[in-house]
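Spelled out from the first residue to the last, the chains are:
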Amino acid sequence: MKLEELRFGTELLKRGFASMQKGGVIMDVVNAEQASIAEDAGAVAVMALERVPAEIRKAGGVARMADPARITEIMDAVSIPVMAKVRIGHFVEAQVLESLGVDMIDESEVLTPADEQFHIDKSLFSVPFVCGARDLGEALRRIDEGAAMIRTKGEAGTGNVVEAVRHMRNIMGEIRALQGKSTQEMMDRAREIEAPAGLVLDVAKRGRLPVVNFSAGGIATPSDAAMMMQLGADGVFVGSGIFLSQNPQQMAKAIVEAVNHYDDPRTIADVSRNLGEAMKGLDIHLLKPDEVLQTRGR
Amino acid sequence: MGVRIGVLDLQGDVSEHIGAFRQALAEAGLLEGSDVITVRRAEQIPACDGLVIPGGESTTISKLIDKNRMRGPLEEFQGGIFATCAGLIVMAKDVPDPRVRSLGLLDIDVERNAFGRQKDSFEADLPIKGLDSPFHAVFIRAPVISRVGEGVEVLATVDGAPVAVRQGKHLGLSFHPELSGDTRVHRLFLSGL
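These protein sequences, in sequence, are chains A and B. When you line the first sequence up against our numbering, it's residues 1 to 298, in that order. When you line the second sequence up against our numbering, it's residues 299 to 491, in that order.
Chain B extracted, bound-state conformation (with noise of 0.2 Å):
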């Protein structure tokens, strides 16, 4: 059984998702009869089992979904969305920030730029529920989590603040997995699709 993930192609390192997810579906055997695809017009997204939101700027993001009539059709989706950096922020419920307009399909409260400015970005090997070793991750300009709503379960943190949630099928990252070559996170991800 196949499966087909789109990476939303408003903004952002889309390509590096596209990477991560091929490999990641090669990794674990899913890549007969599955595709990776970019998802650039509204109709695509309901054909999709999973969405990737992925890292950008959040601000332009989440304008390019309302002019491209997206927001309707992701709160429908009944798959599972992989956000990370920006498209956490999107996901968010609320975001004390009103030059983004999120979803709210996360029932969780972000901080942007919680760490400070790309100064601030680190690298981190990073314990994740779910994972048998540290994680190599990559925060850029990062948000963290400030508030986890009931049915939010927290998989990782950067000194006690929220870097990694999951609720239901959806998967919220304030780092990078497409950046480090470990395919890891994207395979948690597909197997709770």
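Extracted from the complex, chain A is given alone in its bound form (with noise of 0.2 Å):
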């Protein structure tokens, strides 16, 4: 076995990374001290800002993705993966990530777009890349795009989870509501939600996205971690809910232990006991237009 018969980047390698990380936490750090304490935690990767996205609705302008210096000496401080965000469209940040070799890419809505359009070619990379969704159309889109894994958006930095359970509902729904159909019925809902017909008829075959899926935008608790569990999130992805709570190290194992015992209420009580304050929250309600993340990209 010689190293040039290998072969690097393909479909298999970017999903398969992606089911490593299944039952597992992410979370959101900004320098190598927050994510050395996520991996002493037990993340299972983390995602590399330059603020979290409570900072980045309160500092408000353009977010952009952070300063590769920044995602480096994260990169330099752990051993597990390191995803980073780039702008939804902005394919040259993405360009910039992939020669980092950070792990994964997030488009993320939580940066603003840079393109309106369309989505990054996801295809054209070797990195593999995870999107947000708030239905099966648009999860859908984002894989035909190239997605090696969806996760729901919920409202990124709101530290309320209610946007993450609508959406993680949406698209459980939308995939049961697909087994009863007859092929032409399911190729009439794949016209209906903007999504190809060859992946509706793949979701309504395995009873599930052919990518892993996780949930993020609002978790800020071990019981807001395990409810997105037993909604049918693979995982969970954590920003602000961490580092803006009083106690983040103890917050950080808490989420682990709440996510590997999501079935389990006793569990879950014991790791929420003296943990101090989740991060203060936002009422979705009360979002101007403009300050809300989830509708950015289609």
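Hints are not guaranteed to be accurate.
To be verified - Which bits of chain B does chain A cover? Going by a derived footprint, with three or more residues having C-beta under 8 Å, they are:
id: 1; region: 310-319
id: 2; region: 351-359
id: 3; region: 368-380
id: 4; region: 409-423
id: 5; region: 433-443
To be clear, the hints were calculated from the coordinates, so they are not data collected in a lab. No experiment lies behind these values; they were computed from the predicted model shown. Built from N, CA and C at the ideal position, the CB exists for glycine as well.
Need the complex rebuilt from these two chains, each delivered in its own frame; the hints are there to steer you.
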């Protein structure tokens, strides 16, 4: 077996990488110290950022890819995979992250979109991508563009799980609704949700998305994380919820354990004891239309 | 005679392993009377004939083994253990990285992420001892085995480095046979139980 006979960057390797994250917690971090805390708590990966989403909301202005120096600092600090975000449609930010060697790119609505018409053609990259989705059609359009992993969008930086729940229920419900349909009805449904027919048939056959589907956008407590798992998530992203809580270290460990024991309320109760304050949340209904992140990209 | 295979359900690609073992049991004509279960509690371990430690993140899996008090039952387990990627790291005697507390059930040392990051992940057709043609192997941020003890048989290598070993009933693999749709490595494990 010689190294020159190897194949890199294939679809199987991209989706396989995402599969290895299942049952895990991916945590937003902004420096090497936070990354080490996350790794030590049992995170399966970290998302390297300039600011966590709640701080991005506060800062306003155009939110862009993080400074490469910050991303490499975090890559050097931990042994687990490091992900980083690019603006929707910003394929050059993606090229830059690929050149840095990040393990997965998040084409994210948390940053200010760079293209309101097109998402990145992710099939052109050898690095795997994760993308947000609010419903089945959006998830399948992203998969068709080459996403190796989906995360439900929720509403990032709010510490409010309500939108994460809405989006997970949407996708799971739409998949269940496909099950009883004839092929002809599924083709019709594919046109309605603007998704490729082949992918709709594939989802109906599997009874799930063909890639891993995590939950994101508003998870702030161990119970939030466990609820998303019970609703069918393969794992969770926790953004502002850890490092904006009173005891990040304890909160990080508690969420990892709650995801591991998502169907055991006694363990969730145990890990939730004396955790201190979770991040201060936002009422979704008080957000102004231009403060809503989930409607970015379609 | 059926067998019971338990897949450690702590973190990682658990459902892929369950699917692959069900298929392997069917192809080996062993499905009748056999079952493949998820193992989430330490008490389930002794009742299995074979265990799987799946791919995932070795730092996370090794922490959760301790949190779930599975270290003792795993050390005392009499059956075979099928360990892939993160599982291989967890099974090793020594991992030169304090972030992983390994079990020491295979007399090998393992180097994590030995090929590099995700960009260095690869697929290759790998000749494996005991299989009559190469196996399509998927390596994802894969480890390699840096030391092999006596009584450990090397089944495959990449560029000279061992990536598949057998010790007694245990199989340890750097790659992910559960992802390639070919169950020959799973059947090799079943035949050794």
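Structure-based check of each hint:
1. 310-319: It holds, with 5 qualifying residues against the three required.
2. 351-359: holds (count 5)
3. 368-380: With 0 residues closer than 8 Å to chain A, the region 368-380 of chain B misses the three-residue bar; violated.
4. 409-423: Since three or more residues must qualify, the claim that chain A covers the region 409-423 of chain B holds, with 12 doing so at under 8 Å.
5. 433-443: Three-residue rule met by the region 433-443 of chain B, so holds; n is 3.
Hint 3 from the list above is the single one not met by this structure.
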